[in-house]
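*Asks:* Sequence:
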Amino acid sequence: MCSAGYWAGSSANGGIVVGGRTAMIGSIGTKTEFLDFRGFYEKLGIKQVGANATASTNKNAAFDQLIAGNAEPIQQELLDPLNEVLLSTVRANRAGKTVWATYSARSTTP
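Note that this note's numbering gives residue 2 to position 20 of the sequence shown, counting from 1, and the numbers run on in steps of one.
Hints in this document: simulated from the structure, not taken from any laboratory. Some hints here could point you the wrong way.
Simulated DEER-style distance windows between Cβ atoms [stated by the list, open to error]:
#: 1; residue 1: 23; residue 2: 60; range: 22 to 30 Å
#: 2; residue 1: 47; residue 2: 79; range: 33 to 41 Å
#: 3; residue 1: 19; residue 2: -7; range: 37 to 45 Å
Keep in mind the model is a prediction, meaning the values are calculated, not measured. Cβ atoms here follow ideal geometry from the backbone N, Cα and C, with glycine treated the same way.
Please take these sequences and the hints and turn them into a complete structure.
*Replies:* Structural data, given as structure tokens:
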């Protein structure tokens, strides 16, 4: 189960049941990822051109910094705030409801 699935299920009044030998829940968190096709398009002779409104001087600046190799602006402006909303919502939704149990398929196999 991924973060979004856990977030959605976290408000359930009952439990979140994950069973079976291939079922698992990983860590929850926030990530962004996208592909930079600029080099590919340049080889095809396609050049990206853009413009911002005069008052929109910082439009997508964090993404531009990420493309340039600096992840810090997008972490601070986008990912960290989203992650805090995710984690605080899950904590609030699961307060008093979380019971941890471990099932091992190997322990029940002769």
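*Asks:* Now tell me, hint by hint, if it's right for this structure.
*Replies:* Against the structure, the hints come out as follows:
no., hint, in the structure
1, 23 - 60: 22 to 30 Å, "25 Å, holds"
2, 47 - 79: 33 to 41 Å, "40 Å, holds"
3, 19 - -7: 37 to 45 Å, "38 Å, holds"
Hint violations for this structure: none, all hints satisfied.
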